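What follows is each chain in one-letter form.
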Amino acid sequence: MPRTCVICNKERASIKRPKTGQQVCRECFYYVFETEIHNTIADNKLFSKGDKVAIAASGGKDSTVLAYVMKLLNERYQYGLNLFLLSIDEGITGYRDDSLETVKRNQQQYDLPLKIISYSELYGWSMDQIVKEVGLKNNCTFCGVFRRQALDRGAVLLEVDHIITGHNADDIAETVLMNILRGDIARLQRCTEISTTGEGCIRRSKPFKYTYEKEIVMYAYFKKLDYFSTECIYSPNAYRGHARTFLKDLEVIRPSAIIDIIHSGEAFEVKREVKLPVQGVCKRCGYMSSNELCKACVLLEGLNRGLPKLGIGKTNRMRKKHGDMPKNTATIPQFLESSDEKKSATSIVEGTLQ
Amino acid sequence: MCSIEETLIDIETTKSRPSDKNCIKCKTSRATILIRHSTYCKRCFQYMIVGKFRKNMEKYRTTNSQIGEKVMIGLSGGPSSRAMLQLLNDYNETLPHEISKKQLFADVLVCHIDESAIFDTQDSTMDRVKKIAQEYRYPFVGLPIENIFSADYTSSGAYKEVLNVTFDQSKQQEINEFVATVGQNDGHSNKEKLQLLLRGISKLTAKEDFVWYLKQTLLIHTARRTGCTRLFLGDSSTRLSIKIISLTSKGRGFSLPLEISGENQWFEDVSIARPMKDITLKEICIYNHYLGFDNVFTSSLTSMLPPKASIERLTEDFIVGLEKDYPSTVSTITRTGSKLSIQNSVDKESHCMMCLMPYQKGNKIWKNRITVMRTPSLPSTKKMPTDQNATICKNETSSCSQDACCSQNDRTKFDQNVDISDILCYACRVNMRDAKEIALPPYVAEEAEKENRRRKLRKHIEEFLIDDNE
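In the order they appear, the protein sequences are chains A and B.
Under this note's numbering, the first residue of the first sequence is numbered 1465, with each subsequent residue one higher.
Under this note's numbering, the first residue of the second sequence is numbered 112, with each subsequent residue one higher.
There may be inaccurate statements among the hints.
[Claimed, not checked] Calculated pairs, BS3-like style, for lysine-lysine (alpha carbon to alpha carbon, straight line, at most 27 Å):
1) A/1712 <-> B/170
2) B/166 <-> A/1739
3) B/459 <-> A/1735
4) B/166 <-> A/1735
5) A/1480 <-> B/419
6) A/1712 <-> B/435
7) A/1516 <-> A/1480
8) A/1480 <-> B/314
9) B/181 <-> B/326
10) A/1678 <-> B/314
11) B/181 <-> A/1778
12) A/1735 <-> B/170
Just so you know, these hints were derived from the structure itself, not from any lab.
If you're wondering where the values come from, they're calculated on a predicted model, not measured in any experiment.
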């Protein structure tokens, strides 16, 4: 017997909603999916009229759906945003080059300006070269740290006010668990915030904070969105893998578990007497950092000096043994310094800014 | 996904077995135990366990305990509470030569809750646990868990009624669509009532959660009635790390700091202490082994079931598995947990009627906004909350518009609708979705009615209250 959609009571139900278990029709699914994102944006007052917003686009499902939905909501609810696509080219052959093709197609489909910023131009190293140097262990650290900065630098070049990323509810719940598991109290408190702002740093938000990964896939599938769905060829962290498996199992037992974890994460409050790292600015490149040097600078220094382990683990011990950085070592250009430097940085960035 | 926030985890890939065969403490005796990377001989090991236990006990002594306190030990019969009984006994004992030492606790009571009613077939654990308590000559209070349905375990000690909660099947897609009425508590025996309650809950995760809070309520009320000012629970560090993750997963982040703390005063007159919180389950088992203690096997709802039976069970499997490969898992998690605190804004008055733990206000609205259940073509999304309230608290709204109706309500106590939508914490609300038609024990009914009365009174004086937000 065909079931009718529990929301409209008219159409035939064709989807069992992962978030609630409701049997719904496609149109109603689209409606609730989009409205929940709109509610998240509206309740948290993410944007103001006239904002220039960069969508961090990787070509994967999350960012493709994000670009599609943002364009849609921007028109439907008249946010009045200027949207851009911002992509990072990590330089991973057989992975990023293919996914960037998807982003370029998205640019055509959604008619949004695109900027691509690459690791090799910003840091002088592509991920392929880094992996050759450091091996398959810890390479994700380099990639993650470098990407965070690259996005901010790309945003400065685009002169946008705001970056939005495709982090979904599953990602955030997983991060809450990971931060408990590795005892990172500072991040545990920060990771459920929908927006992050730091001094001299561009606002960054996650409109998909309460959106289930499965529903994003579902949305992309039914809307026939063009996205790239290959896992990165450099395998991900094993420890995080455990947390992810655990989360997926939790979701099977109780579908609301993902939202429940985020709810817990939002309620966490750190004891007053616990010391938290103070956010400052990197002495070398001017990017925000809780240490004297930001992680990217230390990692890059390690690469350039042939000491890839410098930024991994015992930095101080390595420093004692090998001394400080020689004068002529290449560093990352200054972040947000003067317009002069901005121009020179622009020259090294390739891309199709329209 | 390789996350942006990924940091490095220093993991020793090669597990180095210590080459030194001697104990790391005394350096003379041959080591027999390996705990993480350290080797101990039997004597130094026991010394270490006692030390960890005493360190916590000393804290209680300095914070707020008076000499000659009367305390209660929760003894399940499992390894951890068994060891705690021994350690506490040693700690509280005054040897003949210690004339100047004052006994910290004047009276020690042992309380055991027998859960056999849940399983029906299982033998009672009461006698075996009682025997253990008698070895120490402590007075023993044995309670069957079904006693929670007795009026003795309510704040007033005389509240008899139960709270009938029904879940509207026709609206099963809605969250929070339940109707609650105060009903007469009779007909069945307490045991049958408990079994009916559990049968009315379809998921094991919710059942386990319910059972724990029933037990906690029983323990608190028993401590109160017997004049104990402190309740000792035997949670080991392993247990606590599992709890941190499972409470988080069930949406209990708000009350989590209380539920895992070494000591808390949430229940004002009875403080809860967990002196075993720094000892791992493995250490406890070795300790018990040396002393020749047997465990009383107590089964749980998920015994003998696969890991995916419930959230609690899955978390246990996850943590125990991780601890094997990464031996710092448990200690890292408990350290993280100990850095969390309950929010300052928390109000002792606002606690959940089910678990008695603090709750966040407005959690229902939070959920309705991010989980949209209706389209605007039908009763609109915006209208929905009022819609919902109308069905739940029909009596309340009508009663307050007409004074005559109000007095009428007071006369007919039974079958009166009680608005419970705002006195449940987020996690208990999630649990309730797995329930169909249940009768909650008197303590819940009492809480619900008390809160409803308070709200009605508040309405009368509302215009004279000054809101901080204004």
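Against the structure, the hints:
With a C-alpha separation of about 40 Å, the suggested pair residue 1712 of chain A and residue 170 of chain B falls outside the 27 Å cut-off, and the hint is violated. The suggested pairing of residue 166 of chain B with residue 1739 of chain A holds, with an alpha-carbon distance near 23 Å, which does not exceed 27 Å. With a CA separation close to 19 Å, the supplied pair residue 459 of chain B and residue 1735 of chain A stays within the 27 Å bound. Only pairs whose Cα atoms come within 27 Å are accepted, and residue 166 of chain B paired with residue 1735 of chain A is accepted, the gap being roughly 21 Å.
Straight-line distance between C-alpha atoms of residue 1480 of chain A and residue 419 of chain B comes to about 21 Å, which keeps the hinted pair within the 27 Å bound. Distance check on the hinted pair: residue 1712 of chain A and residue 435 of chain B sit about 21 Å apart at the alpha-carbon level, within 27 Å; holds. Note on residue 1516 of chain A and residue 1480 of chain A: the hinted pairing is violated, with a Cα-Cα distance of about 36 Å set against a maximum of 27 Å. For a cut-off of 27 Å, the pair hint linking residue 1480 of chain A to residue 314 of chain B stands: about 19 Å separates their Cα positions.
Using a Cα cut-off of 27 Å, the hinted pair residue 181 of chain B and residue 326 of chain B holds, with the two alpha carbons roughly 20 Å apart. The straight-line distance between the Cα atoms of residue 1678 of chain A and residue 314 of chain B is roughly 23 Å, inside the 27 Å bound, and the hint therefore holds. Between residue 181 of chain B and residue 1778 of chain A the alpha-carbon distance is near 51 Å, which puts this suggested pair outside the 27 Å criterion. Proximity of residue 1735 of chain A to residue 170 of chain B is assessed by CA-CA distance (about 18 Å); at most 27 Å being required, the pair is judged to hold.
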